[in-house]
Amino acid sequence: MTPTVAPFKLALVRLLLALAAIAAMPAYAGSMLPCSQARVFTGAALNSFVLPYRYVGERATPELLQASRQISALVHFEILFNLLKYGGVGGTDLVAPPGEICDVDFVVSQVSGDKGPGSLVNGQTLLITWGRLFEEGDQLYIQSYLRFFRQGPKGPMPETLAVHLAGAGSGLNLSATLPAQAIAFAPRRISRADLARVTEEFKRAMVVRPQKDLNVPGQSIDFRHEVAFPYGVTRAEGDWMWLQPLTSVGPAGWVRARVRDSDEAGSWSLRRWLPELDYVDAVASFMRLRAGSPPFARYSPERARDAFDAGMRRFEAAVPAAEAPAAYGLARALRGFMQWEADTSNEGRAKAAELFKEAQADMPEYAAARNLAAVTRPLRAGATFDAPSSARLGSELVGALALAPGDAVVLDNLQRVYKLYADRPQLSPFDAREVKQRQQVIKAGATR
Amino acid sequence: MNVRLPGHATACALLALCLSTCARAELKPCQSVRAPAFTVYLSEPAFTREAFKTPDDLDAFMTRLHRQLDDGRDRRWLNASTTDVDVRFVRCPGRVPSLDGEDFRPDIVETMRGQGVLLEVWGSLDARTAADGTRLPSADMRFLLVPVRFAADRNETAAPPLPRLDYVAAAFSAAPDFAALITAQREVDAFVATALGFKLLRERRYELAHRNLCLAGALLKKIEKRLPPGRDRDVVVSLQSFAQAAATSAIQGVVAQPPAGAPPGTRSSLLTLQNPKEPCGQELEP
Chain A
1 MTPTVAPFKL ALVRLLLALA AIAAMPAYAG SMLPCSQARV FTGAALNSFV LPYRYVGERA
61 TPELLQASRQ ISALVHFEIL FNLLKYGGVG GTDLVAPPGE ICDVDFVVSQ VSGDKGPGSL
121 VNGQTLLITW GRLFEEGDQL YIQSYLRFFR QGPKGPMPET LAVHLAGAGS GLNLSATLPA
181 QAIAFAPRRI SRADLARVTE EFKRAMVVRP QKDLNVPGQS IDFRHEVAFP YGVTRAEGDW
241 MWLQPLTSVG PAGWVRARVR DSDEAGSWSL RRWLPELDYV DAVASFMRLR AGSPPFARYS
301 PERARDAFDA GMRRFEAAVP AAEAPAAYGL ARALRGFMQW EADTSNEGRA KAAELFKEAQ
361 ADMPEYAAAR NLAAVTRPLR AGATFDAPSS ARLGSELVGA LALAPGDAVV LDNLQRVYKL
421 YADRPQLSPF DAREVKQRQQ VIKAGATR
Chain B
1 MNVRLPGHAT ACALLALCLS TCARAELKPC QSVRAPAFTV YLSEPAFTRE AFKTPDDLDA
61 FMTRLHRQLD DGRDRRWLNA STTDVDVRFV RCPGRVPSLD GEDFRPDIVE TMRGQGVLLE
121 VWGSLDARTA ADGTRLPSAD MRFLLVPVRF AADRNETAAP PLPRLDYVAA AFSAAPDFAA
181 LITAQREVDA FVATALGFKL LRERRYELAH RNLCLAGALL KKIEKRLPPG RDRDVVVSLQ
241 SFAQAAATSA IQGVVAQPPA GAPPGTRSSL LTLQNPKEPC GQELEP
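These protein sequences, in sequence, are chains A and B. Residues in the first sequence are numbered consecutively from 1, following this note's numbering. Residues in the second sequence are numbered consecutively from 1, following this note's numbering.
These are calculated hints, taken from the structure and not from any lab test. For clarity, every value in this text was computed on a predicted model and none was experimentally measured. Idealized CB from N, CA, C, for every residue including glycine. Any given hint could be a false lead.
To be verified - Interface residues of chain B toward chain A, partial, derived using beta-carbon atoms under 8 Å:
#: 1; residue: Thr48
#: 2; residue: Glu50
#: 3; residue: Thr54
#: 4; residue: Arg67
#: 5; residue: Trp77
#: 6; residue: Asp177
#: 7; residue: Ala184
#: 8; residue: Ser268
#: 9; residue: Cys280
#: 10; residue: Gln282
What the hints assert, rightly or not - Here are some chain B residues pointing at chain A (derived, C-beta under 8 Å):
#: 11; residue: Cys30
#: 12; residue: Gln31
#: 13; residue: Arg34
#: 14; residue: Leu219
#: 15; residue: Lys222
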């Protein structure tokens, strides 16, 4: 047993009391819930779950367990306060009872399975952040993971591009997904003393004010990582949100979302130790943009791009490319997707295709990265879709299949390419018999 | 200082400074995980006083390295499991292989193979202090690809059985710790995929073998690009060729083994779409 047990039970009682209120909360909100009762905010286009940063080790001292809870709570607040600028967001700090593990797959199935209120609806998006904590001497090491998706009609759906290749007297419709919608970050080091200081300074910095003015004295949020603090943002005016606690605990007032780099709140920020939180912010801007279909208000593409660039700029300033190739590669692909959506001209497509090529160079072991680069290669500046290009496309897609034989998108693309070969033999590197056999193999593979 | 250990003589010279010495080298048994999971041994490296002040410091480092690498649960949650096979990392306290790998006699390798060990990782660790006071660690790591060494002991393959790589902090932006130094570039993943792919190939599990060998090839290619010309790069290039040749064998194996009851030449496996001359598909244009 740990010192956090009693507060945890108390927190659960408070949480259950507040649950009904949370379900009806507006589109800007934050809360804390047990993993087994994970639920999203109905009106929020973009939801964030922070799952426990669990201690992985054999000496689970009360101090280490407290540190892991402290980190989860701080990460939740940090992400939430970054997200507020996007509007239509909800953030939930999910906690696990002592000795239990909060299973990410279980949480996803809980909220994406059309189970009524609290489940994701079509078009809603979710970011899930979780992590691990291990120690070496006086140092703590924190490793973060991020998974993100948009709810489709039948569950989580991958972010997809429709690619039309025209040329050689023919047209070809293909598709491509992001290289990945989840990523592991490298472990970061923070001393126990620094973690304690972050917590204290966070408390001081998180101030709600009676007026929308940073010069007006305010009251500090009583942030305690071990105690539930359900609250909602019931009004939003510009960059300011009215923070309203749902229980009798905590003050109400205006708080300003972090909108600009200059809003960085100083040395208290956990981002100084965990630059991946900037990465999460950038991904959030991308997903907020993707959650643009009714009933969710569309977010400004320009603002999303600016926020994305700002988040990635901060991350890239802290983490060199050589130390995080997959994170850099995914960032390039995300940029490419935004470019693709924003500019449908040939030049726009060429720029996006160039970004996808760079993403693939950073992530050669990802089948979806190879697929994305392959299907958009004919759109790069100076490229054409002709017979050699058509032959090359088939070969590159087979390369993607080598890394993920069950990838439905790659299989579908290959089937379409082979159909093109069958319909227009002058574009095919194979004779008719070989093409037919290949079509049969793909068909059998796709149904397995 | 870029600490490099270009040869056995230098390695032993460094080891003379170590708390763990060449004379102490021994191969204590280590516990494997149960099948069907496969095992990677994390053995104890030799180290200088500049690397760790006490054996307790080494112990703390090894514990953390183990925790860091053994992240199967989180990989599954990332949907990033690329192998469909459970690979677990095991710490081997007191097991200190010699740097030249001569402890790995054929009978020992055979036993390890029988226990499902894919890879053993060890080496030597050192550090120096830069003029600005920054501590710069360096590592000279060894990787025994057990299934590959097993085949080499039987003259069934000519692959380089004992890759070694130097890691220097100068390549990093900030002073990293040893674990970051060793794990950042995913060499361990590349070697696990190579060893696993080769083992599966020998077990005629061609599709899974091919997938792992192509994954290994992609990771090794990425590693090669960041290495300067020299011994380390040559080793990685050589392993790439090995993985590619094994991937070709996987394709040929599937072609030669049609589905039960089907006439020769029947194609059902997606592997039959691959070109044996380019077994992992065509490289994307630069």
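So, going through the hints one by one against the coordinates:
1. Thr48: Interface hint status for threonine 48 (chain B): violated (18 Å vs cutoff 8 Å).
2. Glu50: At 16 Å from the nearest chain A Cβ, glutamate 50 (chain B) fails the 8 Å test, so the hint is violated.
3. Thr54: The hint is violated - threonine 54 (chain B) has no Cβ within 8 Å of chain A, the shortest such distance being about 11 Å.
4. Arg67: Check passed: Cβ of arginine 67 (chain B) comes within 4 Å of chain A, closer than 8 Å.
5. Trp77: Cβ of tryptophan 77 (chain B) sits 4 Å from chain A, so the hint holds.
6. Asp177: Since chain A brings a Cβ to about 7 Å from aspartate 177 (chain B), closer than 8 Å, the hint holds.
7. Ala184: holds, 6 Å
8. Ser268: holds, 6 Å
9. Cys280: holds, 5 Å
10. Gln282: holds, 4 Å
11. Cys30: Status violated, d = 18 Å.
12. Gln31: violated, 15 Å
13. Arg34: Violated, about 20 Å.
14. Leu219: Result: holds, 5 Å to nearest chain A Cβ.
15. Lys222: holds, 6 Å
Going through the hint list in order, the structure does not satisfy hints 1, 2, 3, 11, 12, 13.
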